[in-house]
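Those sequence lines, one after another, are chains A and B.
According to this note's numbering, the first sequence is numbered sequentially starting from 1.
According to this note's numbering, the second sequence is numbered sequentially starting from 1.
Just so you know, the hints here were simulated from the structure itself, not pulled from any lab data.
Possibly wrong hints are sitting among the right ones.
Stated by the list, open to error - Capping the alpha-carbon separation at 25 Å, the derived lysine to any residue pairs in SDA-like fashion look like this:
{"hint": "1", "chain 1": "A", "residue 1": "K347", "chain 2": "A", "residue 2": "P404"}
{"hint": "2", "chain 1": "B", "residue 1": "K160", "chain 2": "B", "residue 2": "A178"}
{"hint": "3", "chain 1": "B", "residue 1": "K160", "chain 2": "A", "residue 2": "A286"}
{"hint": "4", "chain 1": "B", "residue 1": "K160", "chain 2": "A", "residue 2": "R489"}
{"hint": "5", "chain 1": "B", "residue 1": "K63", "chain 2": "B", "residue 2": "G122"}
{"hint": "6", "chain 1": "A", "residue 1": "K271", "chain 2": "B", "residue 2": "D139"}
{"hint": "7", "chain 1": "B", "residue 1": "K160", "chain 2": "A", "residue 2": "Q488"}
{"hint": "8", "chain 1": "B", "residue 1": "K160", "chain 2": "B", "residue 2": "D94"}
{"hint": "9", "chain 1": "B", "residue 1": "K160", "chain 2": "A", "residue 2": "G99"}
{"hint": "10", "chain 1": "B", "residue 1": "K160", "chain 2": "A", "residue 2": "K347"}
{"hint": "11", "chain 1": "A", "residue 1": "K347", "chain 2": "A", "residue 2": "L333"}
{"hint": "12", "chain 1": "A", "residue 1": "K271", "chain 2": "B", "residue 2": "K63"}
{"hint": "13", "chain 1": "A", "residue 1": "K18", "chain 2": "A", "residue 2": "G99"}
{"hint": "14", "chain 1": "B", "residue 1": "K63", "chain 2": "B", "residue 2": "D94"}
{"hint": "15", "chain 1": "A", "residue 1": "K271", "chain 2": "B", "residue 2": "A138"}
Unchecked claim - What follows is a set of in silico ranges between Cβ atoms, one per label pair, in the way DEER data are often shown:
{"hint": "16", "chain 1": "A", "residue 1": "R490", "chain 2": "B", "residue 2": "D208", "range": "28 to 38 Å"}
{"hint": "17", "chain 1": "A", "residue 1": "G250", "chain 2": "B", "residue 2": "T195", "range": "50 to 60 Å"}
{"hint": "18", "chain 1": "A", "residue 1": "A449", "chain 2": "B", "residue 2": "E65", "range": "52 to 62 Å"}
The structure displayed is predicted, hence computed values, not measured ones.
For every residue, glycine included, the Cβ atom is placed at its ideal position computed from N, Cα and C.
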Amino acid sequence: MRGEPPAPEQFRALFDPKGVVVAGASTHPGKFGFVSLHNLLAAGYRGDVFATNRDGADVLGVATVGSIEDLPAGRADLVFVCTPAAANLDVLRACAAKGVRAAFVTSAGYGEAGEEGRRAEQELVAVADDLGMLLAGPNGQGVVSTPARLCAQIVAPYPPPGRIAVASQSGNFVSSFLNYAVQTGVGISRAVSAGNAAAVGVPDYLGWYADDPETAVGLAYVEGVPDGRAFFEQVRAAAAAKPLVLVKGGATAGGQRAAASHTGSLAADDKVFDGACRQAGVTRAATVEEAFEAAATFATQPLPRGPRTVVMTTAGGWGVVTADAIGASSLELAPLPDDLRTAIDAKLPPRWSGGNPVDLAGGETRDTIPEVLELIAGCPEVDAVLQLGLGIQSNQARMMRAGPFYPDHGLDRIVAYHERQDARFAEAAADISDRTGKPILVATELAVADPANPGPATVRATGRLCYASADRAVTALEHLWRRARHLQRRGRPLP
Amino acid sequence: MPEAPASPTRTLSEDESKRRLAAHGVPVAPERLAADAAGAVAAAEALGFPVVVKLRGEGIAHKTERGLVRLGLADAAAVRAAAADLLAAATPDDGDVGLLVAPMVRGNRELIAGLATDPQFGTTVLLGVGGVLAEALADVTLRLVPIEAVDAAEMIDDLKTSRLLGPFRGEPAVDRVALAGVLLALSAAAMAEPTIVSADLNPLIISDGRPVAVDALVEVTV
Numbered sequence: 001m002r003g004e005p006p007a008p009e010q011f012r013a014l015f016d017p018k019g020v021v022v023a024g025a026s027t028h029p030g031k032f033g034f035v036s037l038h039n040l041l042a043a044g045y046r047g048d049v050f051a052t053n054r055d056g057a058d059v060l061g062v063a064t065v066g067s068i069e070d071l072p073a074g075r076a077d078l079v080f081v082c083t084p085a086a087a088n089l090d091v092l093r094a095c096a097a098k099g100v101r102a103a104f105v106t107s108a109g110y111g112e113a114g115e116e117g118r119r120a121e122q123e124l125v126a127v128a129d130d131l132g133m134l135l136a137g138p139n140g141q142g143v144v145s146t147p148a149r150l151c152a153q154i155v156a157p158y159p160p161p162g163r164i165a166v167a168s169q170s171g172n173f174v175s176s177f178l179n180y181a182v183q184t185g186v187g188i189s190r191a192v193s194a195g196n197a198a199a200v201g202v203p204d205y206l207g208w209y210a211d212d213p214e215t216a217v218g219l220a221y222v223e224g225v226p227d228g229r230a231f232f233e234q235v236r237a238a239a240a241a242k243p244l245v246l247v248k249g250g251a252t253a254g255g256q257r258a259a260a261s262h263t264g265s266l267a268a269d270d271k272v273f274d275g276a277c278r279q280a281g282v283t284r285a286a287t288v289e290e291a292f293e294a295a296a297t298f299a300t301q302p303l304p305r306g307p308r309t310v311v312m313t314t315a316g317g318w319g320v321v322t323a324d325a326i327g328a329s330s331l332e333l334a335p336l337p338d339d340l341r342t343a344i345d346a347k348l349p350p351r352w353s354g355g356n357p358v359d360l361a362g363g364e365t366r367d368t369i370p371e372v373l374e375l376i377a378g379c380p381e382v383d384a385v386l387q388l389g390l391g392i393q394s395n396q397a398r399m400m401r402a403g404p405f406y407p408d409h410g411l412d413r414i415v416a417y418h419e420r421q422d423a424r425f426a427e428a429a430a431d432i433s434d435r436t437g438k439p440i441l442v443a444t445e446l447a448v449a450d451p452a453n454p455g456p457a458t459v460r461a462t463g464r465l466c467y468a469s470a471d472r473a474v475t476a477l478e479h480l481w482r483r484a485r486h487l488q489r490r491g492r493p494l495p
Numbered sequence: 001m002p003e004a005p006a007s008p009t010r011t012l013s014e015d016e017s018k019r020r021l022a023a024h025g026v027p028v029a030p031e032r033l034a035a036d037a038a039g040a041v042a043a044a045e046a047l048g049f050p051v052v053v054k055l056r057g058e059g060i061a062h063k064t065e066r067g068l069v070r071l072g073l074a075d076a077a078a079v080r081a082a083a084a085d086l087l088a089a090a091t092p093d094d095g096d097v098g099l100l101v102a103p104m105v106r107g108n109r110e111l112i113a114g115l116a117t118d119p120q121f122g123t124t125v126l127l128g129v130g131g132v133l134a135e136a137l138a139d140v141t142l143r144l145v146p147i148e149a150v151d152a153a154e155m156i157d158d159l160k161t162s163r164l165l166g167p168f169r170g171e172p173a174v175d176r177v178a179l180a181g182v183l184l185a186l187s188a189a190a191m192a193e194p195t196i197v198s199a200d201l202n203p204l205i206i207s208d209g210r211p212v213a214v215d216a217l218v219e220v221t222v
């Protein structure tokens, strides 16, 4: 059973160390003791790097020592442990003597490895506790912290910097989240794989993220929740401070007690977990992809003050389908107030849709899209905007650029114009969102079909997520609205 | 911490269950105890026809399955005959038996509400759509005890068949404040009485828009 969460200074030793020791560095590029040192150096970690190697061999240009005792004192506060389990108690003791306050133990052979491994794990926890050392893992993939340029992990990637903090019971899902960060450009502040979570569990990390000024939103993958009540109290406290997105795999152990009661038979485990999340104001996502996109939206868009959503589209079908998705959610397709409709009339030929979705119906000229977007987002009866159709001009430009006639026949000029226009529209979405304090989500399949298209590429450059479909944008926006509603109903201020 | 799941429990009689929950504000149908057929007729006349008569006893939990509930008894003769039948159906395992007489609560909508103990999360409060399709629909929502008024209101919104709560077949819309009040009362009961392991209000009938528990079952640790 785990005790109290680690102290803030112990977490700082893990996520913002002034120096790192890799215990068990290897000269073999296939071994974790090599890969972890490689990743630490390759990501450009800012602090001091030390390493131990049985033979004292140089590894990746780092002069190693045969024993921790030979390292200078007070220069490192994190040890990344790759040595075999049998050596690790001595490693922790020697590191503590040098002033190390946190250990990430990647070694296997613990709780996942039978009765003997469980005993070794208990001993490891007890020793770390005695030494006043934070023990992350064992059997975990590592820790990432972009403010420190720290990539102490046995796997790729090192993500772009950002405001999402990840904690996962499965190391592979840390990698998945970080890969999405690389793909979308919406970056990461901290990430940790809890491994066996012998001493520090996912909710402990989430608790620290809640107070971490580098972090805007927590993102976690959990499986079993053995002490659900304590888990609930911890995530509730964390979610009170900032958004927290959870995705849960697997059924929890054990069924309902009280088989005599009808209520008991209806109270399936997953519904209890779901209810606990709603009560705690935790955002629960159905899939890992949905979880990342919800977190990326919390990290990069303001919370809507209400459910009233307007869809702006350059073509009819997209708007119709998006309106359907909104209708099936807790968002509302806002009716356009008369003054807004009149103002849009002045910008477009009469064939525009005249309602929500605002379908421009091909009636736009050079400045129409930013101007109409500004009118919609500026309307006090609108809480959020979905913008569709970005990048279609540049998609045509791409075909022209690649075709046999370019750059003649005026193609060079029109291609440049199209590309400039899509970039302007993406910038307008971010600018107007910042100015109005309202979320504006841009969705186009070109985000994945052609990420280099100046439309989605410019959305990424503004730091925001370009959604691969309107449905996914609606799902993400609904998560934001549900959080805003949770706070409003409980009389808490919206950020 | 959730309590150890192995501790022995017992189920309270229907009238004791209702008294326990009513003390915390759960609305239950008024009812009277009677020792015999004559007492049942007197109780029915005091409550007004039609009535329900049930066999009650410490050892009786699954009355419906055993046919120990007689619904819609319209006059004294029907009550007298039902009472005699029920007393004759008692078995030695039922312990000391008697009769429970209650007015027939009418309503087209049945919900289920209650408390259940989750091995990981502890005591939970539950609201669901009741009736014969309850388990097939599995339209239920839960929260951890204790809940606040806002949680109770959100539980009602959670139901997938929440259209059922609007005006329905000539009956008014469900009084949401009263329904939230049932959930808050269950939560209060669980907080005040930690020995409660589970509680069933099944069915919770919506009568003239207001929820009324016509049956209740409370399970406690011994």
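Comparing the hints with the structure gives:
Distance check on the hinted pair: K347 (chain A) and P404 (chain A) sit about 36 Å apart at the alpha-carbon level, beyond 25 Å; violated. For the given pair, K160 (chain B) sits about 19 Å from A178 (chain B) by alpha-carbon distance, which is consistent with the 25 Å threshold. A hinted pair counts as satisfied when its Cα atoms are at most 25 Å apart, and K160 (chain B) with A286 (chain A) qualifies at roughly 17 Å. The hinted pair formed by K160 (chain B) and R489 (chain A) meets the criterion: a straight-line CA distance of about 21 Å does not exceed 25 Å.
Distance restraint check for K63 (chain B) and G122 (chain B): the Cα-Cα separation of roughly 28 Å exceeds the 25 Å cut-off, and the hinted pair is therefore not satisfied. A hinted pair counts as satisfied when its Cα atoms are at most 25 Å apart, and K271 (chain A) with D139 (chain B) qualifies at roughly 10 Å. As the CA atoms of K160 (chain B) and Q488 (chain A) are separated by approximately 23 Å, the hinted pair is consistent with the 25 Å bound. Simply put, K160 (chain B) and D94 (chain B) have alpha-carbon atoms about 39 Å apart, too far for the 25 Å limit, and the pair is violated.
The straight-line distance between the Cα atoms of K160 (chain B) and G99 (chain A) is roughly 56 Å, outside the 25 Å bound, and the hint therefore fails. Restraint check: the Cα-Cα separation between K160 (chain B) and K347 (chain A) comes to about 42 Å, which exceeds 25 Å; the hinted pair is violated. A C-alpha spacing of about 22 Å is found between K347 (chain A) and L333 (chain A), which places the hinted pair at or below 25 Å, so the restraint holds. The hinted pair formed by K271 (chain A) and K63 (chain B) fails the criterion: a straight-line CA distance of about 29 Å is larger than 25 Å.
For the hint pairing K18 (chain A) with G99 (chain A), the CA-to-CA distance comes to about 11 Å; that is within 25 Å, so the pair holds. Our distance criterion of 25 Å between C-alpha atoms is met by K63 (chain B) and D94 (chain B), whose separation comes to about 11 Å. The straight-line distance between the Cα atoms of K271 (chain A) and A138 (chain B) is roughly 10 Å, inside the 25 Å bound, and the hint therefore holds. Evaluation of the 28 to 38 Å hint for R490 (chain A) and D208 (chain B) yields a pass: the beta carbon distance comes to about 32 Å.
Separated by about 32 Å at the C-beta atoms, G250 (chain A) and T195 (chain B) break the suggested range of 50 to 60 Å. Hint check: A449 (chain A) to E65 (chain B), Cβ distance near 60 Å, so the stated range 52 to 62 Å holds.
Comparing the model with each numbered hint stated earlier shows that hints 1, 5, 8, 9, 10, 12 and 17 do not hold.
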